[in-house]
Amino acid sequence: MSPESGASRITARSQIVLLIGLVLLWCLVWGQFSLLTVVSGVALAVIISLVFYLPAIDLSGRINIWRTIVFFLRLIVDIIGASLNVAWLVIDPRYKPSSAILAIALDTRSDIIMMFTAEAISLVPGSIVVDIDREESVLYVHVINVKTDEDLEKLRSSVFATEKRLVMGIGSKDDVWRVQQPNELTRSSVRRK
Amino acid sequence: MQIALIVAGVLFCAGAVAALYRVIQGPSLLDRVIASDVFVVTIMCVLATEMALNHHTETLPVLLVLAAFAFLGSVSFARFMAKQDQT
Amino acid sequence: MTWEAVREIITMGLVLLSSLMCFAAGVGLIRFPDVLSRLHAATKPQILGLMSIGAAIAVNNPRIGIFALLTAIIIFQGLTAPITAHMVARAAYRSDHLRRDLLIRDELSVSVEQVEQGAAVEDPDGDKR
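Protein chains in written order, with UniProt numbering: chain A, 1 to 193; chain B, 1 to 87; chain C, 1 to 129.
Worth flagging that the hints you see were computed from the coordinates, not collected in a lab.
If you're wondering where the values come from, they're calculated on a predicted model, not measured in any experiment.
Each residue gets a CB set at the ideal place from its N, CA and C atoms; glycine is no exception.
A portion of the hints provided could be inaccurate.
Claimed, not checked - Across the chosen pairs, the derived CB separations fall in these ranges:
| no. | chain 1 | residue 1 | chain 2 | residue 2 | range |
| --- | --- | --- | --- | --- | --- |
| 1 | A | 95 | B | 27 | 17 to 25 Å |
| 2 | B | 29 | A | 35 | 43 to 51 Å |
| 3 | A | 48 | C | 2 | 43 to 51 Å |
| 4 | A | 72 | B | 29 | 30 to 38 Å |
Work out the full structure, taking the sequences as your base and the hints as a guide.
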C-alpha cells in the first residue's frame, strides 16, 4: 500500500490483527467454532475491511499477557466497587450534587492507549470523558461527587494508575519508559499552569 | 424465593417507570436520549432474567440486537445534537 | 439435590443485584440535576447489572456456546457504552446543557478560551462554541 516497507509492514500487521478480531467476534456471536463459521467469518471480515476502510492503528507490537490480565481484573473490580458506590449515591438522601471537569494530561503518545484509557475511565462509574485533545493527549474528565481539591487529586492519580497498568500491558517501549519517569519530567510541558 | 422474585420485579418496574418519566418530562433532547438508553437496558435485563429463571437461552440474540440498536440510536442523536448546535 | 438449591440461591442473588442496579439508574435519572450527572447515573450501573445477569444465565446454562455469546454481548456493551456517554457528554457541554454552578472546577472552559483567543484569526471549523 505505501512505498516504504516499514510502514506497509505495520499496516499489514494491524490489518491482520483487525481481521482476527473480526473473525473471533463472528465466532462468538454464533457461539461455535466450526469450519463454516470460521470460513464465512474470514470472508465477511475481508469484505468489511475492504469496504469500510479504517486508518491503520499503530499497534506497539509488544504485549505482556500477565500485565494485561491484571489490567482487566482490576477493571472489573473497579466497575463493581464504583457501581455500588454510584448506586448508593443515588439512594442516599443527603447527597448534594457537586462535580468538576478536570484536564488530565496523559503520558502516552499512542492513539490506541489513549482510547483504551478513556474507555476504561468512562466505564468506571464516577467519571466520564467529555472531550479529548488528541495532539496534546489531554483528557477532559467530568467527575461526580467531588468536594475538595484532595478528591480531585485522588481521581487524577487513579487515572494515571489506569494508564500505567494499560501501558505496562500493551504499550510500546517508549511509552513504558515515559510512564516510569516522575510526573514532572514528562508532563510539565503539557500541564496547564 | 417467591418474595425475592417479587422484589426484583418491583425494582425493575420502578427503574423502567423512572426512565419513562424522564423520557416524557425531560427538559432537553439529550435527557430523553439517555433515558431511552436506560429503558432499553432495563428491557435487556428483564429478558435476561426471564432466561435465567426458566433455564433457556432462546432470546440471547435479541439482547445483542437491542444493544446494537440502543448504541446506534444514541450515537446518531448525539451527532444530530452537535450538528444542530453549530448553526 | 443440594447443587440445585445452591444454584437457585446464586441466580436469585445475581438477579436481585441486577434489578437493584436498574432501579438505581432510574432513580438517578430523576434525582440528578443536569445532563452530565444523569449520564453517570444512567450508563454505569447498567454495566454491572448486565454483567451480573449474564453470570446468572451462565450459571443456569453452563455451555461453551452460551458463554461465548454472553461474552460477546458484555464486551459489546462495555465498548459501546463509553462511546455513547462521550458523544452525549460532548454534545451536552457544547450546547450548554449543564449547570455550571454545580462545578467546583472547570478546566475545559479555560482551554476553550485559550483556543478561541489563539485561533481567532484562523477559520474556526465550527467546533468551538
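Hints, verified against the model:
no.: 1; hint: 95(A) with 27(B): 17 to 25 Å; verdict: holds (21 Å)
no.: 2; hint: 29(B) with 35(A): 43 to 51 Å; verdict: holds (48 Å)
no.: 3; hint: 48(A) with 2(C): 43 to 51 Å; verdict: holds (49 Å)
no.: 4; hint: 72(A) with 29(B): 30 to 38 Å; verdict: holds (35 Å)
In this structure, every one of the numbered hints holds.
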